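Student: Guided by the hints, dock chain B onto chain A, whose structure is given.
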Amino acid sequence: MTAKPKMSAKNVGVSYNGKVALSEVSIDFLEHDVISLIGPSGCGKSTFLRCLNRMNDTIDGCVVSGEIQLDNYNIYSSEIDPVEVRARVGMVFQKPNPFPKSIYDNICYGPRIHGMANSRDELDEIVEWSLTSAGLWEEVKDRLNEPGTGLSGGQQQRLCIARSIAIHPEVILMDEPCSALDPIATAKIEELLGQLRSKFTIIIVTHSMQQAARISNRTAFFHLGELIEEGKTDDIFTVPKDERTQSYITGRIG
Amino acid sequence: MDNEHIVTAFDDDLNNLQNKIVEMGGLVEKQLLDSIDALLKFDLDAAKEVVLHDNHIDNLELEIDEAIVRLLALRSPVAADLRSIISCTKISCNLERIGDYSKNISKRTLALSDTGNLPLMGSGPLKTVSKMAEIVQSMIKNVLDAYIEKDATKADDVRAKDEDVDHIHSGLYRELLTYMLEDPKNITLCTHLLFVSKNVERMGDHVTSIAEHVHFMVHGKIPEESRIKRDNSSSAYV
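Sequence lines, in order, name chains A and B.
Quick note on the working numbering: the first sequence kicks off at 47 and runs consecutively.
Quick note on the working numbering: the second sequence kicks off at 21 and runs consecutively.
These are computed hints drawn from the structure, not numbers from a lab.
Just so you know, these numbers come straight off a predicted model, no measurement behind them.
The reader is advised that the hints may include incorrect statements.
In silico BS3-like pairs for lysine-lysine, Cα to Cα no more than 27 Å straight-line [as the list claims (entries may be wrong)]:
| no. | chain 1 | residue 1 | chain 2 | residue 2 |
| --- | --- | --- | --- | --- |
| 1 | B | Lys174 | B | Lys151 |
| 2 | A | Lys287 | B | Lys151 |
| 3 | A | Lys245 | A | Lys52 |
| 4 | A | Lys287 | B | Lys170 |
| 5 | B | Lys40 | B | Lys170 |
| 6 | B | Lys61 | B | Lys147 |
| 7 | B | Lys174 | A | Lys287 |
| 8 | A | Lys278 | B | Lys170 |
Short derived list, chain A residues pointing at chain B, Cβ under 10 Å [to be verified]:
| no. | residue |
| --- | --- |
| 9 | Asn191 |
| 10 | Asp281 |
| 11 | Gly297 |
Restraint-style ranges between C-beta atoms, simulated for each label pair [unchecked claim]:
| no. | chain 1 | residue 1 | chain 2 | residue 2 | range |
| --- | --- | --- | --- | --- | --- |
| 12 | B | Asp177 | A | Ser254 | 26 to 36 Å |
| 13 | B | Thr109 | A | Glu216 | 42 to 52 Å |
| 14 | A | Ser254 | B | Asp85 | 20 to 30 Å |
| 15 | B | Asn79 | A | Glu236 | 56 to 66 Å |
| 16 | B | Arg90 | A | Glu184 | 53 to 63 Å |
| 17 | B | Leu82 | A | Val66 | 32 to 42 Å |
| 18 | A | Asp170 | B | Ala29 | 53 to 63 Å |
| 19 | B | Cys113 | A | Lys287 | 28 to 38 Å |
| 20 | A | Lys287 | B | Asp171 | 18 to 28 Å |
| 21 | B | Arg250 | A | Ser254 | 46 to 56 Å |
| 22 | B | Glu169 | A | Ser87 | 27 to 37 Å |
We put the CB at the ideal spot given by N, CA and C, even for glycine.
Next comes chain B alone, as it looks inside the complex:
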């Protein structure tokens, strides 16, 4: 349905809303990239920047909420318009949470400056976290494309991709546990890294949720087939 509304101001409002979601998504993507980069390079200034910038994302969420309330009150949207607007409330909420996780990664990066043994053994798990983050980042990018293009198939592909993230997180969980068993001095560092990994894994879940909202926006229902989950860490005991 690409044709325009009779009331063109309605189209302006909807476009404005979409632009804000895309802007927010772009910021979230960059925050993830920056937070992982700061962790890998152990760049404390960059980590502080990430913590500060989270504000922008929070403010955008508020702006989006306001725009949505206004749209609902003034335009009484129905059908595809209504679905698209309702999806935006949920997508912005998910994006905001992803932003929070990036901020948390950077906070942990700052906390790690006290542990001192980062160069010693961090590199292996860090590479793994970085690989996970790369996947999640591409998921964010693709889900935003799916949102803009109203492409449910693309959204479904993103949803399927989360399985890989879960799998890597599960593996990293076991790896970090063995480091902790080797030497109790590793526990602080490994616990932080475990949380970082869990953060990235949770981001994947939020992207998955966005993908489902895109699917709903297009088809009016959430995807039917259940997703394969491969994060076993919550039920694992070593």
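In isolation and in its complexed conformation, chain A is listed as follows:
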């Protein structure tokens, strides 16, 4: 029996002012999968990622076609509120972007606007749970009122992950979350992803093929706006089916 997908894309296409950036992408994401989207710059992987929580809505001239379903709801349907979509599908960006607020308030921002807590105690609980899940609690528990921007890059990125999971999303999108981090901070994030996968479905865009191989159980390769191949990470990195995948991952096209 095949498991029901958490999210699935059907014939998704994206164009910016009439220029096609992505065409005919169909892919399923199962619950608790960690899926890496890889491909050369400009292949459409970030564009596709941004479709998954309607981040492209904010870009003028961007038109998304096809269907993206989250638990059988088309997230582009006119009855669906994009804010609701983004609460269920969180996002972590390339550069750590904590709000210019305290560590505590960074985490509370989402739960507050979504009315998830009724008391200070409940907020405290959310803050501790989120920071613990993001592997940051021990490092910051004594300075929760200090500004988030005062943390190191790696800590800031984990703060952003903590902030995104504070509102209990079901899917987390990550757009090259380690590209601005050093190897140690990268290792910590990778370790964290391994733990987070038990609670969330994680879709990650990465330029590091080795990272994709290490952290994900499925990998999708994009090239020139097309999804070329998607499959088990083990298979993609040992016996890819498509010649273009082979050429990309072995360093022959970029």
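Tutor: Chain B alone, transformed into the frame defined by chain A:
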């Protein structure tokens, strides 16, 4: 996938590795030829040469190992590149073992100089050993071609050829036993020849294994259908 890597030094490394495997294969082929030649002509000097030359093969294996460790550490190869490199570790290991068997044949040739009755009855079995060796030698040559050309079909053909070697060895086993039954004085010579024959038969097995690595290198999996084995000597009792 014949197009080149963006990092050309990676291609240089891979080519260098392939050249070493081919060089090693060439040496192994020659050692087999020389060891059988020395046995047939009972040329003790040539046999000593074979024993000495085995060093070259062992050294090449070490060089290949070093090159592979370096490649893995520096280039993090994946997919076809990774398969080709992993296959090289196994192929070089198999080639080294084939080299050892040639060396062993020559050691036995030297030992036979003490038995004295070689011209008396050796010729029949020797011809058979020589025939086996010819087949194995062509298998080595073809499997190296298959490796260079990344031709899995050619490798599969080599794999199938091992059946003939097994068959001849089985026959020779029975033949040598009858010589031993005829006259106990033949036992030393026949035992050595039996080991020589077994060595050649084992070489065939190693070539078969190389053929499987070539198949893996090309397709990412080892050949599915099992091989027909016709060496019954391990289970035979006369």
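Student: Determine for every hint whether it applies to the structure shown.
Tutor: Now for the hints, and whether the structure bears them out:
1. B:Lys174 x B:Lys151: holds (22 Å)
2. A:Lys287 x B:Lys151: violated (43 Å)
3. A:Lys245 x A:Lys52: Distance of about 13 Å is within 27 Å: holds.
4. A:Lys287 x B:Lys170: OK: Lys287 of chain A and Lys170 of chain B at ~17 Å, within 27 Å.
5. B:Lys40 x B:Lys170: holds (16 Å)
6. B:Lys61 x B:Lys147: Since the Cα atoms of Lys61 of chain B and Lys147 of chain B sit roughly 11 Å apart, the hinted pair holds (cutoff 27 Å).
7. B:Lys174 x A:Lys287: Measuring from Cα to Cα gives roughly 22 Å; hence the hint holds.
8. A:Lys278 x B:Lys170: Holds, because 26 Å separates the two Cα atoms, which is no more than 27 Å.
9. Asn191: violated (43 Å)
10. Asp281: Cβ of Asp281 of chain A sits 9 Å from chain B, so the hint holds.
11. Gly297: holds (5 Å)
12. B:Asp177 x A:Ser254: 26 to 36 Å: violated (41 Å)
13. B:Thr109 x A:Glu216: 42 to 52 Å: holds (44 Å)
14. A:Ser254 x B:Asp85: 20 to 30 Å: holds (28 Å)
15. B:Asn79 x A:Glu236: 56 to 66 Å: About 41 Å separates the Cβ atoms of Asn79 of chain B and Glu236 of chain A, which means 56 to 66 Å is violated.
16. B:Arg90 x A:Glu184: 53 to 63 Å: violated (40 Å)
17. B:Leu82 x A:Val66: 32 to 42 Å: Violated - the Cβ-Cβ distance for Leu82 of chain B and Val66 of chain A, about 54 Å, lies outside 32 to 42 Å.
18. A:Asp170 x B:Ala29: 53 to 63 Å: holds (55 Å)
19. B:Cys113 x A:Lys287: 28 to 38 Å: holds (30 Å)
20. A:Lys287 x B:Asp171: 18 to 28 Å: holds (20 Å)
21. B:Arg250 x A:Ser254: 46 to 56 Å: Roughly 51 Å apart at Cβ, these two residues keep to the hinted range, so it holds.
22. B:Glu169 x A:Ser87: 27 to 37 Å: Since Glu169 of chain B and Ser87 of chain A have Cβ atoms about 35 Å apart, the given range 27 to 37 Å holds.
When held up to the earlier numbered hints, the structure conflicts with 2, 9, 12, 15, 16 and 17 and fits the remainder.
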